[in-house]
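Colleague: In case you want the letters, here they are:
2 protein chains.
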Amino acid sequence: MSKKFVYSFGSGKAEGKAKMKSLLGGKGANLAEMTNLGLPVPPGFTITTEACDMFYRNGKKWPSGLKEQVLAGVKKLEKDMGASFGDPKNPLLVSVRSGAAVSMPGMMDTVLNLGINPVVVAGLIKKSGNERFAWDSFRRFIQMFGDVVMEVEHEAFEHELQSVKDKYGAKQDTDLDAAMLKEVVERYESVFKKYTSKKFPENPIEQLEYSINAVFNSWNNDRAIKYRQINDIKGLLGTAVNVQAMVFGNMGNTSGTGVAFTRDPSTGENRFYGEYLMNAQGEDVVAGIRTPNPIETLQKVNKGAYKQLLDIRKKLEHHYKDMQDIEFTIQEGKLYMLQTRSGKRTAASAVRVAADMVKEKLITEKEAVLRIDPAQLDQLLHPMFDPKAEKETKVISKGLPASPGAASGQVVFSADDAEEWAKKGLNVILCRIETSPEDIGGMNVARGILTSRGGMTSHAAVVARGMGKCCVAGAGEIRIDYKKKEISAGAVKVKEGDWISLNGSTGNVYLGKIATAEPSLAGNFAKIMQWSDKYRTIGVRTNADTPHDTEVAVKFGAEGIGLCRTEHMFFEGNRIIAFREMILADDVEGRKKALEKLLPIQRKDFEGIFKALKGYPCTIRLLDPPLHEFLPHDEAGQKEMSEVMKVSVEKIKDKVDSLHEFNPMLGHRGCRLGLIYPEISDMQVRAIIEAALNVKAKGIKVKPEIMIPLVGNYKELKIARESAEKEIKDIFKERKTKVEYKIGTMIEVPRAAVTADEVARYADFFSFGTNDLTQMGCGFSRDDAGKFLPDYVAMGIYEYDPFQVLDTDGVGKLVEIAVKLGRKINKNIKLGICGEHGGEPKSIEFCYKTGLSYVSCSPYRVPIARLAAAQAALRNSKK
Amino acid sequence: MSKKFVYSFGSGKAEGKAKMKSLLGGKGANLAEMTNLGLPVPPGFTITTEACDMFYRNGKKWPSGLKEQVLAGVKKLEKDMGASFGDPKNPLLVSVRSGAAVSMPGMMDTVLNLGINPVVVAGLIKKSGNERFAWDSFRRFIQMFGDVVMEVEHEAFEHELQSVKDKYGAKQDTDLDAAMLKEVVERYESVFKKYTSKKFPENPIEQLEYSINAVFNSWNNDRAIKYRQINDIKGLLGTAVNVQAMVFGNMGNTSGTGVAFTRDPSTGENRFYGEYLMNAQGEDVVAGIRTPNPIETLQKVNKGAYKQLLDIRKKLEHHYKDMQDIEFTIQEGKLYMLQTRSGKRTAASAVRVAADMVKEKLITEKEAVLRIDPAQLDQLLHPMFDPKAEKETKVISKGLPASPGAASGQVVFSADDAEEWAKKGLNVILCRIETSPEDIGGMNVARGILTSRGGMTSHAAVVARGMGKCCVAGAGEIRIDYKKKEISAGAVKVKEGDWISLNGSTGNVYLGKIATAEPSLAGNFAKIMQWSDKYRTIGVRTNADTPHDTEVAVKFGAEGIGLCRTEHMFFEGNRIIAFREMILADDVEGRKKALEKLLPIQRKDFEGIFKALKGYPCTIRLLDPPLHEFLPHDEAGQKEMSEVMKVSVEKIKDKVDSLHEFNPMLGHRGCRLGLIYPEISDMQVRAIIEAALNVKAKGIKVKPEIMIPLVGNYKELKIARESAEKEIKDIFKERKTKVEYKIGTMIEVPRAAVTADEVARYADFFSFGTNDLTQMGCGFSRDDAGKFLPDYVAMGIYEYDPFQVLDTDGVGKLVEIAVKLGRKINKNIKLGICGEHGGEPKSIEFCYKTGLSYVSCSPYRVPIARLAAAQAALRNSKK
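Residue numbers (this note's numbering), protein chains in the order written: chain A, 1 to 879; chain B, 1 to 879.
For reference, chain A alone in the conformation it holds in the complex (with noise of 0.2 Å):
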């Protein structure tokens, strides 16, 4: 017997259930438990996603048996529904809908009113005595049969339709009679013709066969494959495929079609929250064709169907314990569930969803912190316009809201324009009359999104609120030119390069940049950080290098600083003349006498950072970059240098010369550079030191940590440890006063790694720099990489880029290699990460299940972390 493709639901019963979710995809487990559930669902049958995997792997073939489950599957419908496909007295009309496991809205296809044909529209006229509705869904589904099934130009049809409404002088599609219609089907059976060179086929089954089909392929389109990339959706099988019943939204005034939320996906707030059409069909809603009518006002067109979707919001909410998105028809008045799945929200609604259900009951706390996606909360961490600023700013267009956050950017109109832009660094605003999922591109990189037509439902609302990207919809007011490259707004005319500014909140589009202002983290986020807190177990430190990153970071809830980058304090004004001094000097005296004017400017850097860390430890890195990267490498750069040192250009380019390196990534650098010039080391440690001796006098708590960088064997850090405690034995002796502190260093060549319980004797901590161990360890230049590890991700070699997620399979074994051998040595070792990957929440996942003690990252992903690290703690403790 071959396998159970099609599970069928309808009549109150269904094959299915929530819990199928990889076999049936979303939208088809979510049919099957509502039909469970007593809720009104059009009956239907799911076609599985193993069907869909078997025939991909079948060439593009049928799996043996799906025909005659398919079959099997209309006649239980036909009887369900008593009609029958190209029954002229009683036709069933189905919808065939894609549908993967993970909700990848718009980006695979979908046929409605399927099974009609010139016979059945006679048998609906006569039925449903609406000839209007009758030819309308026939022309409905010849245009979407030709263009989503038969791949037929969409313009071609969209020719017709405007001659036709051109002809008779109509302005909106609802003002064609029936005979307009027809019209339009003749002519649309013409171009079907001309473009396939095929008869429309009238055969319900064969275009059942062909739907189905078209679904199928539609799960490997570009923009399915882009989105899926983007979103980082991987492992399904493919798409399953709903067949269902069709009920009209088109059927005349007393029926509709809308979308709903049961909270409010943008703030999160309680309310019901939906946009619906009358006399439509669910695509005229989505693609924002015409503007919808906000739900509440529903209860005046139909107050029972209203009531009735209020009580079914309710039902839905405790049964998924979580906010959905539904799908709703009315068909003369009688209500129709259509969908439910989990709403997509921003990181605000997220956060206030998940702490007021926490507050309602429907979950628990630690539920609350799983429900979040770590990657959104960014969202909420960036800064929001300056309000004053905001104010002061021309406004010269107001939208909808359609996804918070604020950005400025310079104004492009295609999303092949905005990828190229941002390629070179710009900051862009993708502008569009409305997007389609062809746009996923440019609007992934583009700063924010404005659109003149379409709700908050609409492709780029939705799509930009999952991004958790700005978006301004339908700022009806403006037009959009493509080809002039330009935006009317009123008498302002704002060019492709201009900036403009959005708020994703208010719908407020600004002429010009604005300033921001930090976000604020009170109220449900603060809830939310505090859950996470309380259920996390490894640390979260922040690398910053400044006074003012440590503050943003310490309100941001760092522990402590994982990684303080001492070299960037050597770039600023001044300071890079001293320490150039230091590096032209031919003997150990010129540089000690560059180093003692060094030495107060990175004491005083040490102890606004202490200052602001208020007793939480400090991991300070001892220099690591080759001393060229402190020098112009170009003769005007090398020409300034030298008039301002008074120095000739000769000397400052041989010093360029002799120390250019061939691999600077493998080359004089880190413990390198103390070990042959101790004299910088000795200065280093001394700022520290001091730094934390005067900082502990003023009866602030100090815990300085030197991190000696770039050890591969065991010897360099013994001679670096030795050479700094001498140095330290010496201030205390000095200042006659004492600091506690620890000398560690960064795991991060691999031959450190694979030796850690050697290394570790001379550690008090190891901090893995993830990012150079991936360097050495795959053997890849981040530099250079660019030029293949793109294909390599695609190729599946690399699941991620392994300088964004880390390489846990590799790089990881490497880690694990040295805690392993390093707490064998010494079980009390500190063990932490600070490369970049101790912001990303896959890397910190492992963290988590290698046992490091602690993440360090970025200011702006310290709370990231936070919960990332709490749910690793929940998922793996669950386990």
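Everything labelled a hint here was simulated from the structure, so no lab data went into it. Note that the structure is a prediction, hence the values are computed from the model and not measured. Where hints are given, some of them may not hold.
No copy is singled out in the list; a pair is fine if it fits within one copy or between any two copies.
[To be verified] As a list, the in silico DSS-like pairs of lysine-lysine whose alpha-carbon atoms are at most 25 Å apart:
hint, residue 1, residue 2
1, Lys60, Lys726
2, Lys198, Lys126
3, Lys76, Lys19
4, Lys813, Lys827
5, Lys321, Lys646
6, Lys388, Lys787
7, Lys611, Lys830
8, Lys715, Lys813
Given chain A, put chain B in place with the hints provided.
Modeller: Just chain B, lined up with the frame of chain A:
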């Protein structure tokens, strides 16, 4: 009680023995051994190397107890000799000599005739009746003590000696009579006072203490440190000090002194070989100031002593079972032994002595194999002068054949110049009147050494043989003028920078450069190699890229190619044009077109190599270096390329720019090329397999092994392997025949090492690319590490340069991990090494211990590797 620091010997009984070398030094241990053997050794005592070690740990102060033990040793010596320090009637004179566990000839200090003072001189005259001898001994002592112990300038004494000689018209030192020598003594005393501001110390115990300190201190003088570095002498505690009753070779014409080898140290011939001088002390022979007589002539001078020496020669060889290097003194006709040690020898001599001793049943085959230093073998493998070319070249002088081999180079006249010129990559011949320990650095970098003074045991000769460096010594007809930087050889003048050639086996000096010929590998060498092959358990392959190199390597005993680098094939002649065409191509088609031109060329290369291998396996690495290495980076080169290829300079420049990498070592190379441009790998795979089929068709066995380079992730290998196998399948189908092949990878990326279990699923073999594994594992760019690596080795962070000797503790750990993981998955996986470490004896021992199947090295190192592999097996199976 304090430690035992003093071991006495004398009167047929010694506290020490030969096995106590590390405590007593080589000289001390062997003096004890010879005493116990009943040989005529003047009594004395040895201060241990531990005492020297504690002297240094103690801030250069004697450890407690040493003084008492030295005084007790002196007492015992006085008793043995029936003479006392400072006793005018019967004065005890002693020598104070350094002696570490490993011989460091001439590097440390020696003081002779200690105990002398004006009172003792008077007593000596009375006792010996030889006034001249007494004054000569005194003047020698003042000079030596002043020079060695008090650091008085050598020249200051020489100047006075010369003045007195000039005053009395004396030509030789021996022309000075007692009165004249007394005058020398007086002058020396003034010199001593002038330079040291001290009166010459007359108390023998004070003299002794000073001298022992001087010997201790000489352990760490510059030349001793340098010698230990060059000769890789590590782990010693310090030097022992031998205080021994003086015997006088300068007591008139029945006295003398000499050095000898029990066999010929140059050729290994089983004949007594040495030199002596009558009426002289040891340093006169060694320093080469007077030219000594061949040992055979001693039988005419003192038949008894000569016969006694022949007996001792036999006794020592039978006792030590090795060729010995001895020192003796004859005092008034009576023979005394002052030293025996294992004799330094040339590689040729080492091979012959070992082979002969097996024949003589003195040692076993295994012992013979262990007796030869693999590194030294190099001497026998490098080309000698082409005999015809040599015959046709003008001989300008003939000296002693002091160290065999042949060398051509440019003349320099100082060690410093030699080092400087060599740094620039020039081949130099160091020409000196005589060499001294200060010249060690220059001798080390020179291709050959020429001296105008000194014998076969002169400093130059001994050191050069140790280094395996060609040396012609004592070429008396030439005059070397340091000031003019000129050699006069009769009418011929050779200036600095002129080319000369040395034949170290004949002593001939030639004007100009001479072409070279291959060495012969028959006879004893073949025997040693045969025994090596008998006892070694791992294979030896070669790294070769051409049929010629392959032939050479097979002749040297290579059992296959471990690394054939295909990229070298692309540089020759017109090939580079096709290759550059490939690089410049805009698309796959363009690349394929260019690759088609390369296919037949590569195929032919492989055919040649397969033929030369005669059935041995051949590991061929697919293209490895980044593409930019194949393009000219300078403007002139780009212009030339533009003209040849009829492509604009801009296009070439653009390509070079687009291919530029910040860290090419970690860039787009290795399998990353083949994965992004699969057509390159396809072409190479096709060339390999088609060549294999063609050669197989001629009845020659072929074993191609395709090696995918720079794999870091098993998926790279998986994809590359699948792609290669597809191509191979196609070829087999086209040709309707097959050939066996293997596909494997280099393990050179640390990530591959720690995930070797996964990689092993797709690999028939691993070849450890330890060069790159060192670069990535340690984070060292080979091209840049020169800036700090020598300091690192000096600081002891790495014991050796990890690019020369495998860093077994770190990089070796990665190898061990990979071996363990790889074997776990694939029990039969072939494991080899193809980094340059494959020809380095210590690294070979590591490979043996780690269980690799073979090592691969450059053709000229194959015999070294065979020997080293045998030694590794013998050494480790013994344990």
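Colleague: Kindly indicate which numbered hints from before are broken by the structure, ordering the numbers from low to high.
Modeller: Going through the list in order, the structure violates hints 2, 5, 6 and respects the others.
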